[in-house]
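Visitor: Spelled out, the chains give:
Protein chains: 2
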Amino acid sequence: MRVGILGAGQLARMIALAGTPLGLEFIFLDPSADACANKLGEPLIGDYNDPKLLAQLAERADVVTYEFENVPAEVAEFLASHTQVHPAPKALAIAQDRLLEKTFFHDIDIPTPAYAAVDSLESLEQAMTTLCYPAILKSRTQGYDGKGQSLLKSADDLKSAWELLQGVPAVVEAFVPFNREVSIIAVRSVSGEIVFYPLSENLHRGGILRVSECRADDPMQQQAESYVSRLLEELDYVGVLALELFEMDGHLVANEFAPRVHNSGHWTIEGAETSQFENHLRAILDLPLGSTAPVGNAAMVNFIGGLPKTEELLAIPHAHLHLYDKAPRKGRKVAHATVRAESREQLSELVKKLAALADQVDDS
Amino acid sequence: MRVGILGAGQLARMIALAGTPLGLEFIFLDPSADACANKLGEPLIGDYNDPKLLAQLAERADVVTYEFENVPAEVAEFLASHTQVHPAPKALAIAQDRLLEKTFFHDIDIPTPAYAAVDSLESLEQAMTTLCYPAILKSRTQGYDGKGQSLLKSADDLKSAWELLQGVPAVVEAFVPFNREVSIIAVRSVSGEIVFYPLSENLHRGGILRVSECRADDPMQQQAESYVSRLLEELDYVGVLALELFEMDGHLVANEFAPRVHNSGHWTIEGAETSQFENHLRAILDLPLGSTAPVGNAAMVNFIGGLPKTEELLAIPHAHLHLYDKAPRKGRKVAHATVRAESREQLSELVKKLAALADQVDDS
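Chains F and G, in that order, are what the protein sequence lines are.
Under the working numbering, the first residue of the first sequence is numbered 29, with each subsequent residue one higher.
Under the working numbering, the first residue of the second sequence is numbered 29, with each subsequent residue one higher.
Please keep in mind that the hints were generated in silico from the structure rather than gathered at the bench.
You can't tell identical chains apart in this list, so a pair holds if it fits in one copy or across any two.
Below are the DSBU-like pairs computed for lysine-lysine, each with C-alpha atoms no more than 30 angstroms apart in a straight line: (1) LYS337 x LYS354; (2) LYS67 x LYS361; (3) LYS361 x LYS337; (4) LYS67 x LYS80; (5) LYS354 x LYS80; (6) LYS381 x LYS361; (7) LYS358 x LYS380.
Assemble the whole structure, with the sequences as input and the hints as a guide.
Guide: Quick look at the structure:
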């Protein structure tokens, strides 16, 4: 069985590492000959919309999936008309457009921050007559890790924020004074079997995820499961989906969803009975889904922009290193470490040590 | 950092899968272009004693290791004189010759079954005047999975057993009426750091390992650690070493040791904080060794000669499949499954289910 993946970055790499012991083979389409998953399968090197390469991918792969949501609609449609693609193009189309995404959340009764569509300075000014400051202006598409976003503190910020977007359609949303950020990783198979991981509690800095911690028995688990179930069912979704949420005083508000394996679920490699990567594969191949039960108390720390010395990291008890084989570069995720501990207290200490190492090499 | 491995079978494959997240690259020397680790690194295809390939391996790898003990002495010596090789040739030389091995155990006060060297029918007859029946005649070299062994029930069996060996030097040893078979996996790094895994309790059938179960807090742990420590220190050993032992009424008797990662340690992939494969790499690269603490109650079941249907296996809760990407063939190890459970009782039930699947496809 051969799995095709659009993209050959670290998510594809971790999918391939999880799938190799299941006897799966991989074929990747990525513009970069150096993409870090390439060594773990057969690389097709070229643009994501190269018709020849897409035809090869569709022909050679038994099922196609992807590691990012910004797949051009025509590419997703082409692949879906030639082979099995999971998740389906509809989920991609919604996830890659913040306005469609928020509208979809609204339509299926998942709460979101107040928001409005913006396609001109006038419409932004108009929107801010009903939304309160501070608010955030975000491009509808292509945003990730905080890119394409501006904080609006007062009416004085509107013109410069809009100009920064260079005319691309946008959405403005109320800033949510959240208590914490969480995400739920859920999986739905071709047959409709659904499993949920325990909530991840996430810490961002500079718009980039830094630390995720598994929160078994979190009081918000049930509410998160109810929202993400609705997403999975309404989209007839197949694969792993990550829903990012803000918690405000015991209520969850949806931020965005990712139709793929997700950075906030990397702790599942060691910290769950079955990793998100293996379960994504099981889901798209219609195999029984694996248990999502937590294994100990687990957390993950991202390494951004630089790498710690391997010997320093591995000297931290229970630390597991996951290097992505990517050249360090400002703001680039180059590795993560997961850690499992017997108690929450021990976990906090280990996370502090890892985060200190991460801060030393972080140039962002 | 590039690690060279002599052999590209399932052990090399699992080493490479463990090492890829550590940012390591691999180069394999194996006679078979289809060897199952080849896809996870750079394959050198040819004989183990091909001087050109060995020179390439020595030049391109920062450190060389192997997945089997039957490396010709001149190959091990050649590599050791050109690059770092772990474990060192001495451990190989001893492990590949049952007489040297037993003599070495004897010299460092590790108990063994009574034994004698055999190089003719006369010497076999002579030996059996002091050893009791039943006894086992084994070729000194090249034996694995019960190959090259004959059970001697009475003096009537001596001639035919000797003839079966076709004149190769042998060793005859007393049959040990053991209560159980166990093994201990130990690791020693270049710096001399040593860690031990909890004992594996092993079930063989037809000379082939079928099931290994992690026995945390086993009363024999300390005795096993004391014996294997002696081996590691006396050999100035670097890497993973597996010592197979018989237990008779609270005493351990050494059967043999393997100077490499070992089938009875495959449960460590999911069942220990750090797998034997990762710790072998940490040891030979002189990195801090990882914790060997058990994670839940873990066991492993081998699939010999045939493969279960993936969907049937993955439907067993907590089962983790490790396919070796090898064509099924009589008596050939083609996969294993590990399983973790919260209690020993639950573990027993899950092992029974896995073993039933294994028996269905087993043609041996």
